[in-house]
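Peer 1: Chains as they are written, first to last, in the numbering used here: chain A, 1 to 427; chain B, 1001 to 1427.
Treat each hint with caution, since some may be false.
[Unchecked claim] Lysine-lysine pairs mimicking BS3-like chemistry, simulated, CA-CA at most 30 Å apart:
1) A/303 with B/1170
2) B/1391 with B/1246
3) B/1014 with A/303
4) A/391 with A/246
5) A/246 with A/14
6) B/1246 with B/1014
[What the hints assert, rightly or not] Output of the computed footprint for chain B on chain A, the stretches with three or more beta carbons under 8 Å from beta carbons of chain B:
7) 9 to 15
8) 135 to 147
9) 221 to 227
10) 323 to 333
Everything labelled a hint here was simulated from the structure, so no lab data went into it.
Beta carbons: idealized from backbone N, C-alpha and C, even for Gly.
Number of protein chains: 2
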Amino acid sequence: MADQPPTLTDQLLKFARTTPPQDAQAMMRLSLMDWAACGIAGAREADFTDFVRANRGGGDCTVFGGGTAGPAAAALVNGTLSHALDYDDTHFAHIGHPSVAVVPAVLALAQDVGAPMEDAVHAATLGVEASIHVGLWLGRDHYQIGYHQTATAGAFGATLACARLLGLDKHQMRHALGLCASMASGIKAQFGTMAKPLNAGLAARTGVEATLWGQAGMTAAADGLAGPLGFGPTHHGTGAEVTPGKSPWQILSISHKFHACCHGLHAMLEALRDADIDLARIDTIRIRTHPRWMSVCNITDPKTGLEAKFSYAQTAAMALLGHDTGSIASFTDAITQDADITALRARMRVNEDARLSETQAEVFISMEGREMRRFRHDLMAPMTLDARSAKLRSKASALVGQAQADALWQATQGDDLAALISILSAG
Amino acid sequence: MADQPPTLTDQLLKFARTTPPQDAQAMMRLSLMDWAACGIAGAREADFTDFVRANRGGGDCTVFGGGTAGPAAAALVNGTLSHALDYDDTHFAHIGHPSVAVVPAVLALAQDVGAPMEDAVHAATLGVEASIHVGLWLGRDHYQIGYHQTATAGAFGATLACARLLGLDKHQMRHALGLCASMASGIKAQFGTMAKPLNAGLAARTGVEATLWGQAGMTAAADGLAGPLGFGPTHHGTGAEVTPGKSPWQILSISHKFHACCHGLHAMLEALRDADIDLARIDTIRIRTHPRWMSVCNITDPKTGLEAKFSYAQTAAMALLGHDTGSIASFTDAITQDADITALRARMRVNEDARLSETQAEVFISMEGREMRRFRHDLMAPMTLDARSAKLRSKASALVGQAQADALWQATQGDDLAALISILSAG
Chain A
1 MADQPPTLTD QLLKFARTTP PQDAQAMMRL SLMDWAACGI AGAREADFTD
51 FVRANRGGGD CTVFGGGTAG PAAAALVNGT LSHALDYDDT HFAHIGHPSV
101 AVVPAVLALA QDVGAPMEDA VHAATLGVEA SIHVGLWLGR DHYQIGYHQT
151 ATAGAFGATL ACARLLGLDK HQMRHALGLC ASMASGIKAQ FGTMAKPLNA
201 GLAARTGVEA TLWGQAGMTA AADGLAGPLG FGPTHHGTGA EVTPGKSPWQ
251 ILSISHKFHA CCHGLHAMLE ALRDADIDLA RIDTIRIRTH PRWMSVCNIT
301 DPKTGLEAKF SYAQTAAMAL LGHDTGSIAS FTDAITQDAD ITALRARMRV
351 NEDARLSETQ AEVFISMEGR EMRRFRHDLM APMTLDARSA KLRSKASALV
401 GQAQADALWQ ATQGDDLAAL ISILSAG
Chain B
1001 MADQPPTLTD QLLKFARTTP PQDAQAMMRL SLMDWAACGI AGAREADFTD
1051 FVRANRGGGD CTVFGGGTAG PAAAALVNGT LSHALDYDDT HFAHIGHPSV
1101 AVVPAVLALA QDVGAPMEDA VHAATLGVEA SIHVGLWLGR DHYQIGYHQT
1151 ATAGAFGATL ACARLLGLDK HQMRHALGLC ASMASGIKAQ FGTMAKPLNA
1201 GLAARTGVEA TLWGQAGMTA AADGLAGPLG FGPTHHGTGA EVTPGKSPWQ
1251 ILSISHKFHA CCHGLHAMLE ALRDADIDLA RIDTIRIRTH PRWMSVCNIT
1301 DPKTGLEAKF SYAQTAAMAL LGHDTGSIAS FTDAITQDAD ITALRARMRV
1351 NEDARLSETQ AEVFISMEGR EMRRFRHDLM APMTLDARSA KLRSKASALV
1401 GQAQADALWQ ATQGDDLAAL ISILSAG
């Protein structure tokens, strides 16, 4: 083995023993607050009630909305609920939502074993960073063929985070990652259904279970992720070269959502944010986006509020008509049938443009009288941690109210895990 | 939708409403007994103790070896334990073990809701048949690239069986199959580790969870199995044409294992089963087998019980000397050094013969005085249900003792589910 170059599993085993840099931890704490606000708000959606009830087994781990469950069930439920709004953080290189797979797993186990906040932050930071690297390593082929990378790469990040938190030795952690390779799953066919957030919850549960079972002595493939017949080779992984731990950390380029819909729509919505248009004079609206988004969020004739969240035409019409795309309450079934909306949707043309990056969008609006307006935005435009903090506190307040948002801010920046947990259970 | 040809999901939804033919049900009851014997014996293996403990949540469903759990956890644990010995039934076309994914799921839910035995048999029969068809539909590509078809195809069969048992309507069942498409997983990299039987347990749990969550109103892709970005297209499925429900039913060509060793040795051992030979007069024993097995199970000088399970010479000598190759207890380190065994092994010659299929073997025994005896067997040769019953009862007796085997026979042929469950819990 000594003569072999390290595989991704070898790299991850080494990476799991490092301490994440401060800026990465700071970003993790911001994402922790954002994730918690999404989960508290998500638990208020009624649709998941029976699912939550079905997963309340014995255990003392807090579940969003109140009640307790064992750590695996708590990770499953909290992962699902905190992704229910599709409003949690994302990472474009990872092609997915990193915190929602990792954080519920870490918090459930941290509560279960009484781990300090600092250990939870370290573990979550490493887990998020690892999941982004696994996402990069799986790559575009994996995502394009139809895998839901939030869940697949996320499960490995969750496993690494949990294994780190519980202090698994290298041997146990290898088996935990191997066990994860048999459980990591989730397909994009689920987009637009409740199974999309479920995929995130399953990834979080996989992290908890792979860790607990690996700790309990269950064996698995020595390199279930990157080895022969392993997860990558079977699941259309590209095997791109990655270096977890290398600066700058990937976690620092996490994107937070400020619109309550698919992230693929955000650059367009930001572009239209300050558009001052006489709607009566609009002839045609042409939206240009990166080709990848065409199969993700281009539902041309949405019928439900959920489908509206995956529709360029719908959200562009909402933005132009002054509906608040930052508010969850805006995405109703009714608004997809609103006469002004459907009239404006009829004027939309969505096209791919390979010259744009995935974080860029352009909108061309042809007005009567040959006038042409052009709007564009790139989500990768830099933002300071302070500016991000302010925007996230404002978003949290919109999601859960000012008092809970303030409490979340204090708890995620402090060192009292129990204080954070108590806010999550408040509902 | 009406003009589209039915997809595999459409076919399965229709199939789930049919009543399986009597011979298929009879085969299912035989496999039920065989599966139960494998599980009872598997639970006695110590390695899984901590894993079992970790999965004993709240619930009243029986777990092999005693104790109870919720239906999902019981399916997970029982599926894993009943595959621990790799001695449960197989199907050549399915490329996997059908009962071990379906039966634990059905029994756990049947116990949970108090369903009658007849309903459980119907559901399990349909589930096994469906899983074989999904296996055929996924095909060789899926298996060859590295997916563990026992688990992947098995999860869909388990889901269909559970959804049928609980009487889900067509809408709920569609969502249950869609949910399964996000959870079905398992890779061949795990072969040789505890994660191989775990894959079977995960498939069984997926059947229970997809059904309960679909029943609870969770939505998923309308065709998560065969539709765009669905399980088949993402997981290297070939999409071969299949027709679940067509005669003859695939379940009728299930293979049961009658020897506690590598499957490559079974045709030879069956050939020697009724050989009436004067051992003192044997000069040479020549064994001919398909070339593929030469690198799999031809250890010429085994030193351990494990090596004995991969040795033509050893197992042939054991069979001729009257040792029970159906009993796990027969494969000890000591028997490889037994004087009679080693003397007989010295007279063995094993050769490949490309004219034989993988399921065929021939044995030529040269006796003193130029007498030559020839024995051959094909594992694909038809067997009556009566002959199969007798062999399976004998195997069950070797696994769990005569009394429990008799009780299992009575219970699996009768209509008292509680009686069967009580045997499983006896340990």
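Peer 1: Now, for every hint given, state plainly whether the structure supports it.
Peer 2: A quick look at each hint next to the structure:
1. At most 30 Å may separate the alpha-carbon atoms for a hinted pair to count; residue 303 of chain A and residue 1170 of chain B meet this at roughly 22 Å.
2. Between residue 1391 of chain B and residue 1246 of chain B the alpha-carbon distance is near 28 Å, which keeps this suggested pair within the 30 Å criterion.
3. Taking the CA atoms of residue 1014 of chain B and residue 303 of chain A, the gap is near 28 Å; set against the 30 Å cutoff, the hint holds.
4. For the hint pairing residue 391 of chain A with residue 246 of chain A, the CA-to-CA distance comes to about 28 Å; that is within 30 Å, so the pair holds.
5. Between residue 246 of chain A and residue 14 of chain A, the direct Cα distance comes to roughly 12 Å. Compliance with the 30 Å bound is thereby established for this hinted pair.
6. Taking the CA atoms of residue 1246 of chain B and residue 1014 of chain B, the gap is near 12 Å; set against the 30 Å cutoff, the hint holds.
7. Only when three residues or more bring their CB closer than 8 Å to a CB of chain B does the claim for the stretch 9 to 15 of chain A stand; here the count is 0, and the claim is violated.
8. Here the stretch 135 to 147 of chain A counts 3 residues with a CB under 8 Å from a CB of chain B, which clears the bar of 3, and the coverage holds.
9. Here's how the stretch 221 to 227 of chain A fares: 4 of its residues keep a CB closer than 8 Å to some CB of chain B, so the rule of at least three is met and the hint holds.
10. Given as covered by chain B, the stretch 323 to 333 of chain A fails the check, having 0 residues with a CB less than 8 Å from a CB of that chain where 3 are the minimum.
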